[in-house]
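Visitor: Here the protein sequences come in this chain order: A and B.
The opening residue of the first sequence carries number 262 in my numbering; numbering runs sequentially from there.
The opening residue of the second sequence carries number 55 in my numbering; numbering runs sequentially from there.
Read the hints as simulated data drawn from the structure, not as lab findings.
Every residue gets a Cβ at the ideal spot worked out from N, C-alpha and C, and that includes glycine.
Incorrect hints may appear among the rest.
As the list claims (entries may be wrong) - For the chain A half of the interface with chain B, some residues (derived, Cβ under 7 Å), not all of them:
no., residue
1, 324
2, 325
3, 332
4, 335
5, 346
6, 353
7, 405
8, 406
9, 509
10, 511
Claimed, not checked - Taking CB as the label site, the calculated pair distances span:
no., chain 1, residue 1, chain 2, residue 2, range
11, A, 366, B, 266, 22 to 28 Å
12, A, 494, B, 211, 31 to 37 Å
13, B, 350, A, 497, 44 to 50 Å
14, B, 425, A, 298, 20 to 26 Å
To be verified - Which stretches of chain A does chain B cover? Using the computed rule of at least three CB atoms under 8 Å from a CB of chain B, they are:
no., segment
15, 339 to 345
16, 413 to 419
17, 490 to 500
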Amino acid sequence: MEILWFGTLAVLLIGYFALEGFDIGLGMLLPVLGRTPADRDRLVGAMGPFVLANEVWLVALVGTLFGAFPILEGRVISGLYPLVVALLLSWILRDAGLWFRRRVGGASWRSVWDAALCLGSAGLALTWGMALIAIVRGLPQDALFDPPGIAGGIVVAAVFAFHGWTFAAWRLPGEPVVGGRRRSSPALLGSACVAAAPAAVAMAALASPILDHAAPAATLTVLSVMVLPCVPIMVGAQLWIWRTFARGAVPTFF
Amino acid sequence: MDVVDLARLQFAVTGSLHFLFVVLTLGLAPLVAIMNTRHVLSGNPLHERMTRFWGQIYVINYALGIFTGLVMEFQFGLNWSGLSHYAGDVFGAPLAMETLLAFFLESTFLGLWIFGWHRLPKKAHLACIWLVTLTAYASAFFVMVANSFLQHPAGAVEEGGRLVLRDFGALLTNPTLVFALPHVISAGLMTGGFVMFGASAYHLFRRTAEREFFVRSLRIGVVAASIGATFTVGFGFAQFGPIGSVQPDKFDGAVQGAALGGMILIGELGQFVVLFALLPLLFRDLLARWRWLHPVLMLMVPLPFVAAIAGWIAREVGRQPWLVYGRLRVADALTPGMTTGGLTASLVAFAGVLGLLAVVDYALIARAVRRGPGLVALGAPDLPAEPAPAPARSL
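Taking the hints into account, I'd like the entire structure generated from these sequences.
Guide: The following block contains the structure:
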């Protein structure tokens, strides 16, 4: 049973990197790819319908950590205290950029929230990279922001940017915002694997300490009985998003 | 202030901000779903405009519910790791279910509903908003299961210095849950109703062009507020019995006593006014025609929000000094090694950013109300699949 819930945790973290990775990457690249307000609207519109379904993987990841590995939840989140605070503030800033940028018509209003979207995305990528390095090194309290951590942040930012660009060239093929280039679905799958690689490496390195800290069998049984029957609905809802928004007109709400 | 006070203040501030937005989400979701249903069944364009206008208010409000909710979820691990250490094997389960069974689906279906206009078949699109409503209620259920466990740790026993789960059913039938959950859900409906009739009164008072739209909205708001207020007050008083048996001196302190008194005053007064003044005046649309009453309706909008926060203060301050009632003290649940400096920094950062965004969000809601149903972004046309061609340049 611990293996089942470790698997759930791994799927959620790897899935979060593979999915939310392109939103974060595209958010970072927004001022680079979108030189005009109209270009930025198209780029944000392309990823907009996916964001709510993607970011929720991290909410589910932390929930799973709390339910199935509670001691680890307290230890990891408090052990990464300043990084988690920075990650949350970046996440909120990125989301505020998305939700608010089109709520008022003026150009200066939209550029303020586009800046929030870009900075928040960059903050998310950097803090994630630093957090993964810190977790793999066993949460050293005095070394959250040292060179290896910063290098991890830069690596994650780079793979997310690559994934975000690939997503844009897949969703808006041949358009000027991606320099007229196109990417196929297998290419997007490839960039998703690249974006998810840091998460997969970290989970593999941490498998045995995580398995040692699982909740008792009674808790895991209750969780399994309640959650497993709903997994097909969760997967189905995610697939429905991709079926609906992969092609065609670009929605405008975000 | 010491570390315990700072950590408590951080939870109180983010929790209160969270619930201000969540209570309206819980109330507007079913109302928007009903409007959307009438639109799909009747094909009447007025119902479509109502769905989009009130849906937009709902969605703008939703944003802050997410931002504050993220901080809430992580805050347990940041500041209260003693809770997950002592009680995580029990308390973590309903929170995990909330994220996996409720919010994961709610967020996904909300994305389909917001962006799926003109794209999904009408009935599939309608199903999405009902699924959002259902999963929002499921979310409230699991969060209340977790909170009720802190009020009365049923279904768990202590073994080796930690709580272990013995009876999951006892968590779901917790005496501090069974009346509190419908109380919270009804308070949401009451709040949604107050916001609807207040916003409608604004347009009727200003004599804007959308008279029929807001006469109907006013009616829906007053009916929703009547149902919500009745059940909120009923399930509020119903809680005294179970609370008396598991937390007998809960309301003895000054803070929780004042909060409880304030909430009861607003609840009973609100119920009285809505049931015996506003509801009868729906007859022949007297309420819509009596313009002098409309400023009063607008001024009533903040009341359910104040009552909701007062209710949480009564419930949570009344649990002190326990985090898990009778088992774990708040002071013993703090993350070890936290400093006042670090906690002050995170408190200022979270309260500052969330407070600022909350102000922006309320300004955006007020703006959307003022602009009326003529200018609604939700369900507006998409950008074309091909980008607009660059304008040809001639030399």
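Visitor: Taking each numbered hint in turn, which are not upheld by the structure, reported in ascending numerical order?
Guide: 7, 8, 16
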